[in-house]
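Trainee: Now for the letters of each chain:
2 protein chains.
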Amino acid sequence: MTKLNLNYHKLSGRPLFPEIEKRVEAMKQKQPHAVFLNLGVENGTQPLFPNVTAALTAASSEMGNKETFRGYGPCEGYQFLRKAIVAHDHKDFSPDEIFISDGSHADLADLQEIFSLENRVAVIDPAYPIYVETNVMAGRSRPLLKTGRYGGIVYLSCTEENGFQPELPNVHVDLLYLSSPNNPTGVALSRETLTRFVQFAKKNNAIIIHDAAYESFITSDAPRSIYEIENARDVAIEVRSFSKSAGFAGLRCSYTIVPHHLKVYDAGALHSVHALWKRRVETKTCGVSYPIQKAASALYTREGQQAIRDAMKIYAERAKTLLYGLKSIGYTVYGGIDAPYIWCKTPPKVGSWEFFDFVLENIHVITMPGVGFGQGGEGYIRFSAFAEPHEIQETLERFKRLA
Amino acid sequence: MTKLNLNYHKLSGRPLFPEIEKRVEAMKQKQPHAVFLNLGVENGTQPLFPNVTAALTAASSEMGNKETFRGYGPCEGYQFLRKAIVAHDHKDFSPDEIFISDGSHADLADLQEIFSLENRVAVIDPAYPIYVETNVMAGRSRPLLKTGRYGGIVYLSCTEENGFQPELPNVHVDLLYLSSPNNPTGVALSRETLTRFVQFAKKNNAIIIHDAAYESFITSDAPRSIYEIENARDVAIEVRSFSKSAGFAGLRCSYTIVPHHLKVYDAGALHSVHALWKRRVETKTCGVSYPIQKAASALYTREGQQAIRDAMKIYAERAKTLLYGLKSIGYTVYGGIDAPYIWCKTPPKVGSWEFFDFVLENIHVITMPGVGFGQGGEGYIRFSAFAEPHEIQETLERFKRLA
Numbered sequence: 001m002t003k004l005n006l007n008y009h010k011l012s013g014r015p016l017f018p019e020i021e022k023r024v025e026a027m028k029q030k031q032p033h034a035v036f037l038n039l040g041v042e043n044g045t046q047p048l049f050p051n052v053t054a055a056l057t058a059a060s061s062e063m064g065n066k067e068t069f070r071g072y073g074p075c076e077g078y079q080f081l082r083k084a085i086v087a088h089d090h091k092d093f094s095p096d097e098i099f100i101s102d103g104s105h106a107d108l109a110d111l112q113e114i115f116s117l118e119n120r121v122a123v124i125d126p127a128y129p130i131y132v133e134t135n136v137m138a139g140r141s142r143p144l145l146k147t148g149r150y151g152g153i154v155y156l157s158c159t160e161e162n163g164f165q166p167e168l169p170n171v172h173v174d175l176l177y178l179s180s181p182n183n184p185t186g187v188a189l190s191r192e193t194l195t196r197f198v199q200f201a202k203k204n205n206a207i208i209i210h211d212a213a214y215e216s217f218i219t220s221d222a223p224r225s226i227y228e229i230e231n232a233r234d235v236a237i238e239v240r241s242f243s244k245s246a247g248f249a250g251l252r253c254s255y256t257i258v259p260h261h262l263k264v265y266d267a268g269a270l271h272s273v274h275a276l277w278k279r280r281v282e283t284k285t286c287g288v289s290y291p292i293q294k295a296a297s298a299l300y301t302r303e304g305q306q307a308i309r310d311a312m313k314i315y316a317e318r319a320k321t322l323l324y325g326l327k328s329i330g331y332t333v334y335g336g337i338d339a340p341y342i343w344c345k346t347p348p349k350v351g352s353w354e355f356f357d358f359v360l361e362n363i364h365v366i367t368m369p370g371v372g373f374g375q376g377g378e379g380y381i382r383f384s385a386f387a388e389p390h391e392i393q394e395t396l397e398r399f400k401r402l403a
Numbered sequence: 001m002t003k004l005n006l007n008y009h010k011l012s013g014r015p016l017f018p019e020i021e022k023r024v025e026a027m028k029q030k031q032p033h034a035v036f037l038n039l040g041v042e043n044g045t046q047p048l049f050p051n052v053t054a055a056l057t058a059a060s061s062e063m064g065n066k067e068t069f070r071g072y073g074p075c076e077g078y079q080f081l082r083k084a085i086v087a088h089d090h091k092d093f094s095p096d097e098i099f100i101s102d103g104s105h106a107d108l109a110d111l112q113e114i115f116s117l118e119n120r121v122a123v124i125d126p127a128y129p130i131y132v133e134t135n136v137m138a139g140r141s142r143p144l145l146k147t148g149r150y151g152g153i154v155y156l157s158c159t160e161e162n163g164f165q166p167e168l169p170n171v172h173v174d175l176l177y178l179s180s181p182n183n184p185t186g187v188a189l190s191r192e193t194l195t196r197f198v199q200f201a202k203k204n205n206a207i208i209i210h211d212a213a214y215e216s217f218i219t220s221d222a223p224r225s226i227y228e229i230e231n232a233r234d235v236a237i238e239v240r241s242f243s244k245s246a247g248f249a250g251l252r253c254s255y256t257i258v259p260h261h262l263k264v265y266d267a268g269a270l271h272s273v274h275a276l277w278k279r280r281v282e283t284k285t286c287g288v289s290y291p292i293q294k295a296a297s298a299l300y301t302r303e304g305q306q307a308i309r310d311a312m313k314i315y316a317e318r319a320k321t322l323l324y325g326l327k328s329i330g331y332t333v334y335g336g337i338d339a340p341y342i343w344c345k346t347p348p349k350v351g352s353w354e355f356f357d358f359v360l361e362n363i364h365v366i367t368m369p370g371v372g373f374g375q376g377g378e379g380y381i382r383f384s385a386f387a388e389p390h391e392i393q394e395t396l397e398r399f400k401r402l403a
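Residue numbers (this note's numbering), protein chains in the order written: chain E, 1 to 403; chain V, 1 to 403.
No lab work stands behind these hints: they were computed from the structure. One or more of the hints may lead you astray.
Note that identical chains are pooled: a pair holds if it fits in a single copy or bridges any two copies.
[To be verified] Distance condition first, Cα-Cα at most 25 Å in a straight line; then the derived DSS-like pairs of lysine-lysine:
| hint | residue 1 | residue 2 |
| --- | --- | --- |
| 1 | 83 | 30 |
| 2 | 66 | 313 |
| 3 | 263 | 327 |
| 4 | 263 | 10 |
| 5 | 3 | 202 |
| 6 | 146 | 30 |
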């Protein structure tokens, strides 16, 4: 008799994004004439850059030509892309340490697999739900507690009080999920915070999985990569993305850095984490679509780099408008400087979902309920700057009416 | 201290394909003037069909245009593709039961995850290595035995004696991996065989994961889908692919059918396997690249369907030439009628790897060692018909010299 992975049943409710979709759909049914503004999205509004589109269509044509057609590519990604990434952004690494994947989301979900189920997991809180959920699904947690948190998982709170810079765990942990800039708070981890965590990991032989999907949005002097911190390559894996910097969310391409330096002592011997991840990638995946990798490699040209900078400027401007606009109405807001997200406190005694629903129903603005990103997000909603200027202006107008 | 998933260390040697690559590279170094013929590949030689390339480039252009740009798509795939698949090939299912993924390989690797680690796994042998390897990595096996098989896994032998039609397990099993047409034997499972397995699964509340990646190559009256068998939707998941039928290996797109009918009784309640897989897909993936899904949907047109039939004819012709050619030289060969693979017995007392190396060194033909697909493949090598006619002719000439 087939038995199920009952760890899945520990998961609370449905995943966040489908739940949002459901509520928005219901409200649209209820108020068919309302004009909804979507300030909840994680998709850029800018299309692919012209030279990226050109590379994508050219590679697509190659696939239709007998002489230039390509079948299976290397599981870890084409050398042309891995080399370009190293040459532009990671000169201290070898192309061999770069793994191309079809999205940082998938890598963030799958990296836990190469580690034992016995490891104790710590996560930044609030955070992108996938860190916790995939560890729950694998069986590294106890059931959901009444607090809304999972037993056995260590939560590293990012609060107003600590400036959204998490404290070190005060219990033993083995695997830490950090994210800078953090989604949803929109705040980057400072050099001091990252240094403390790297030192902690080094001292405790722990490993950090660092989600840097939003690094290109940083405008402050916060580190853009955990590898700017001394010794980080001994303890950290970093996941990067083209989804936000270059509008690749619908194309699917990203990369993960697994340093050769990263070693684990287990079962009486020293092991390479790189070798383990390579084995997983070689066994379970067949590489990323060739035209998509060609599109990504077009980002590593003068034109591509300039286009990224231009796009970042556009979003930074919008985030600033939203941040200062909400502030001037009287909201307590954070983030927006190093990320396209604004983290906004709900009115006193109003919960995240309650405020989300209220805003949706009354002024038809779609946001994200902070608690969807963990209990640490309760009492907040998240705004996204991935919206057109007129939508942002209109959002601010509507919130003014609400105040 | 981080602990590793030591199940990975149970895996024998390196994955098959990188091992082949390594040996071929070494031989090319050793014999730099030799002309190598690759009869080992799993890649089609035909480029993308013209209407597929057109759809791919058109959708690529859409991504570069602000009005038609798309970000994240639905995790389970776009409705336009799911609907087309159902309308053309699976009229008894709803689009909701079709999950688009970035390759059958990934789904075949990941499906095990929704089932308990306690399940006993049975696999067709020889078979595509991923069925066994991903279950070993997850922890559903004991260590590798001296026989070259993993303890705790039940192997369903496909032999010359049983016409490559596996017998039912004679012990208790929960999860069965079948594949028809089977890679590497090149033989499709008969209606009788599949019926026996469906009945077995139904009686024992077991689940079948059926790999039908090569169904479009079937020319005999063998079933093209396990769902041709009565009650199969109560017990089976089927994984399909565009990689072989339409040259999508380098594009990455496939689909998996998880019927709503498929229910599991566990922990005192009846559960939907569809709900569990949907949860995994929604949590861990972000859907397949939009231009790639548009390319796939172009297969479901009159032109696309005709192109598949034409491609299948080309490969069937080549497989036949290879099959009868090798036979006429004196080799004992199977397969080739329902699949692009020829399963060829090695000379008496010569092992798979030994014959692979011998052929590589002496006549510079790259094949696949049967034992790479499991102990059931020992004593065979596999030829692929994914080669040009002149390469197939030249291969036969060289084997004649060897005889």
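Trainee: For residue 146 vs residue 30, is the C-alpha pair at or below 25 Å within one copy, between two copies, both, or neither?
Mentor: neither (32 Å within a copy, 66 Å between copies)
Trainee: Can you tell me if residue 263 and residue 327 fall within 25 Å by alpha carbon in one copy, between copies, both or neither?
Mentor: neither (46 Å within a copy, 52 Å between copies)
Trainee: 25 Å Cα cut-off: does residue 83 pair with residue 30 within a copy, between copies, both or neither?
Mentor: The answer is neither: 52 Å in one copy and 28 Å across copies each exceed 25 Å.
Trainee: Is it within a copy, between copies, both, or neither that the alpha carbon of residue 66 lies no farther than 25 Å from that of residue 313?
Mentor: between (42 Å within a copy, 17 Å between copies)
Trainee: Please work out whether the CA atoms of residue 3 and residue 202 approach to 25 Å or closer within one copy, between two copies, in both situations, or in neither?
Mentor: between (39 Å within a copy, 14 Å between copies)
Trainee: From the Cα coordinates, with 25 Å as the cut-off, is the pair residue 263 and residue 10 best called within, between, both, or neither?
Mentor: For residue 263 and residue 10, the Cα distance is within 25 Å only across copies (19 Å; inside one copy 32 Å).
Checked against the numbered hints listed earlier, the structure breaks hints 1, 3 and 6; every other hint is satisfied.
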